[in-house]
Amino acid sequence: MSNLLNKLSVRSPWLFRINAGSCNGCDVELATTALIPRFDVERFGCRYCGSPRHADVVLITGPVTLKMRDKVLKLWDEIPNPKVTVAVGICPISGGVFRDSYSLAEPLDHLIPVDVNVPGCPPRPQAILEGVVLAKKIWMRKLGIEEG
Amino acid sequence: MLDTILAILHMCIFPGGVFALAVALFFKALDRRIAARVQRRVGPPLIQPVLDIAKLLTKETLIPRTAHRAAFIMAPVLAFTGMAVCAAFIPVPGVYSGLTNMGDLLVILYLLPIPAIALMLGAAASSNTFSSVGFSREMLMTLAYELPLIMILLAVAMLVGKETGVGAEFSLANILSYQAANGSLGFHPVMLPAFVAYMIFLPGTMGVAPFDIPEAEQEVLEGPLLEYGGPLLALYQIGSALKTFVVLGLGVALFFPGTLCDFWPVNLVWFVVKCFLLMLVTLTVVKAATGRFRIDQAFWFYIKFPAVLALISLVLVWWL
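Residue numbers (this note's numbering), protein chains in the order written: chain Z, 1 to 148; chain A, 1001 to 1320.
Simulated from the structure, these hints should not be mistaken for lab results.
Stretch by stretch, here's where chain A covers chain Z in the computed footprint (C-beta under 8 Å, at least three residues):
{"hint": "1", "segment": "5 to 12"}
{"hint": "2", "segment": "27 to 40"}
{"hint": "3", "segment": "47 to 57"}
{"hint": "4", "segment": "77 to 89"}
Computed far set for chain Z versus chain A, every beta-carbon distance over 12 Å:
{"hint": "5", "residue": "Cys23"}
{"hint": "6", "residue": "Arg69"}
{"hint": "7", "residue": "Leu73"}
{"hint": "8", "residue": "Val97"}
{"hint": "9", "residue": "Asp100"}
{"hint": "10", "residue": "Ser101"}
{"hint": "11", "residue": "Ser103"}
{"hint": "12", "residue": "Ile112"}
{"hint": "13", "residue": "Gly120"}
{"hint": "14", "residue": "Cys121"}
{"hint": "15", "residue": "Leu134"}
Bear in mind the structure is a predicted one, so any value in this text is a computation, not a measurement.
Glycine included, C-beta positions come from ideal geometry on N, C-alpha and C.
The whole structure should be built from the sequences, with the hints applied where relevant.
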């Protein structure tokens, strides 16, 4: 029974977005391009939700700045398990154009486990959607379900 | 004793509980699918509402440390049970004549705001600032759309009561038998404003665009639902799905309860089709085509248009 529920559950990933000090480029590509009706993220069963309590897939944009580090960690803890983290853009990976800046904390994967990286400055909306689909597969692996 | 068991069966299986939930989830899927087609995209699969609920059941439940635990957990249960009971009062013309024979319109009037009240209770118990904003918005919306609803129900009750000579008829079974004999109230010229008012009442009470102000995810982070997750949120969703069935079924029973023949499965399908058409016109197309009102705009909209339309019907019924 719980296996069946788990199998069904990965077909309903709800998305939540955290801006960890992004320059807003990735946010434009993510929230106002990839998640709008034109690219139809709803066909994967996704829904954009405003509350971290509803989220399954967390999309994080931006290099983690010193001011945002604790807030990102706190917000990430608010999300109920099981959850999948997707880092959008080059910034969460290495800092991107802000690399070696005095105001950056550390790369995102030093703070929290990152499951999918979507590189690009900014990445194309199609790439972000591919990241979401990959996140579904990783979610299945986390639940211990074979891909079928 | 037998009556009690029968009543409980009506609440759990037909038309409340299982049947209402199946119809409502199917409607929700169709609603999302058609809204997607209106916006020229594919949309989610038809099983999506079931998948969402299955997903929510597998998630972990987090309750804020500062929340009032009992009220926080009871609120979604209240929303769900309130609507499951209310669905048993909805008559399916030609199949099922309602739970009781007297005054059930008043019971429905009292049961209908329960999901909104439960939402407010949960929002107040979750001790979150955004939830409080959602709470105040939800309360304002409830005040705005309950006024036209009361006048619509009163207009229907007065019309039927006047014609049958009992003053005001608050029994849905008698309202249905009156309409079976004298034609549907939706075609009655005096009741036309009331029917339009009911159609405007529907998106407000269901909290869909342009009246999804309390749960606006961009402004107040889903408002009252912010702190809810996992199985508790699933209960809210089931309660809201049941409410869709209740308000659509009530609309059909009040205005278009005509039956096709004496064979009950045909009548059942006809009832579901009529509910679907009502949803298509009032919820789906409107949702796909509009943005969101501000809370003050929505409040005055409800006071200006549906309330005045319902009042016109009421006054006409009174004088004619």
